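> Chains V and P, in that order, give the protein sequences. Take the first sequence: its position 172, counting from 1, is numbered 210 in the working numbering, and each next residue is one higher. Take the second sequence: its position 148, counting from 1, is numbered 186 in the working numbering, and each next residue is one higher.
Take the hints with a grain of salt, since some may be wrong.
If several chains are the same, the list does not tell them apart, and a pair holds so long as it fits within one copy or across any two.
[What the hints assert, rightly or not] Derived SDA-like pairs: lysine to any residue, alpha-carbon spacing no greater than 25 Å straight-line: (1) LYS267 <-> LEU118; (2) LYS95 <-> ARG117; (3) LYS95 <-> VAL155; (4) LYS95 <-> GLN116; (5) LYS276 <-> ASP121; (6) LYS267 <-> THR44; (7) LYS276 <-> PHE184; (8) LYS276 <-> THR81; (9) LYS95 <-> ALA113.
Treat the hints as calculated values from the structure; they're not laboratory data. Just so it is clear, the structure is predicted and the values come from calculations on it, not from any experiment.
Number of protein chains: 2
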Amino acid sequence: MVNTMTICYIIAMEAEAQPFIEEFDVQEVPGFFAPLPCRLFETQIGEHRLTVVLNGKQHGSDLVGCEAASVATLAAIQRLQPDLVINCGTCGGFKSEGAHIADVFIGNAVMFHDRRVPGDDAWGTQALGNYPVWEGAKALAKDLGFGMGKVTTGSSLDMQPCDLQIIQENGGQLKDMEGAAIAFVCSLFSTPILFVKSVTDLCDSGAETFEEFSKNLAAASLALRDANKRVIEYLIKK
Amino acid sequence: MVNTMTICYIIAMEAEAQPFIEEFDVQEVPGFFAPLPCRLFETQIGEHRLTVVLNGKQHGSDLVGCEAASVATLAAIQRLQPDLVINCGTCGGFKSEGAHIADVFIGNAVMFHDRRVPGDDAWGTQALGNYPVWEGAKALAKDLGFGMGKVTTGSSLDMQPCDLQIIQENGGQLKDMEGAAIAFVCSLFSTPILFVKSVTDLCDSGAETFEEFSKNLAAASLALRDANKRVIEYLIKK
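Taking the hints into account, I'd like the entire structure generated from these sequences.
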């Protein structure tokens, strides 16, 4: 990376971010993105700037999903000009792929699984997305001992048969609700994107997703905090 | 409206916009949104500014869908500060609701149908969206003789059973791929949004959506041009 860098975490849910915010003692800059609902937290680590952007709230709940993630990412890149965007958050994993609850994975690719647009190859290619991820992701995962997987994004917590078909045909492994939207916006600016994802539920366990998600959210968020501590140390030492 | 107003059309596909661009002789301002792929076209009509923002292209095709619409709308509001955003484009209609190919409707409400998030009421409310539309939409539709309907947005051209269930339970009538994303971003700025939608396909006809869409795109785009001519005259005279 560059000598002095700005790292920008983009996190959808406050519950996912809270252990991270406490660990790194990042301070909120109230109203930084107003009138957008996104919230900025930041601190200095040596000569580096560590920023965290939450999507914020509307209608009484955290703004999850691809539209809020698109807005937060565009605003973050415009205002913070990060050298690296990191999307950390929870995801669904597949036990058939060896995932366990609270495992942390680094993304090695990213796609959408719920944008079904037929037609010629160009439409299908665009609908899937398959945006680039940061070229340093593989070395980071290897050096820190994290597994890797392909992030696959949709706007719903559940997984319908049409979603599973696209996930299987295209090798999706880490099912989330924001990753590809963030990567899409990063692709427009050629801003590198790194995914740090922790498993809250197993898509192929037969268990009810929302129950599993709720039960495991705290543990996965703590695992994310510990993983991000190592990720940030690694990035700063590079 | 205000004495001197800026109207901003947001249109996903170049084919949808072309007859409109020719009719109003709007001129492109190259690179206005760079490095974003969105494209600005504009003209003056008397003391009013008429602008058209296209999502632009990536991966060799027009950027359709909710992420590109979120980006285009945020960039448009930031840079143009429109008094009124108008999303015009094609949609799927329901013959059970009396829709015919190339009919033009004005939106009286807007929701998402493919963001399935269970949990308490706040999550469900946010997932559906149900963002406000411009308070003058009803009078405009009445004065110009347009029918009205509820815009319902998803990221796919097809309609799965899970989509239809949410559409039916929540009164969706005009099925598109961008409307609610645009309305979401407008809601963050309290910018009024008007929907002008023309039917390319009937979701309940049994016909293959992509074939119907392709066959009727030109006719629907011409119908949109004619409708927008009347809409703009109406707005300017107000």
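> Hint by hint, which ones does the structure fall short of?
Those not satisfied: there are none.
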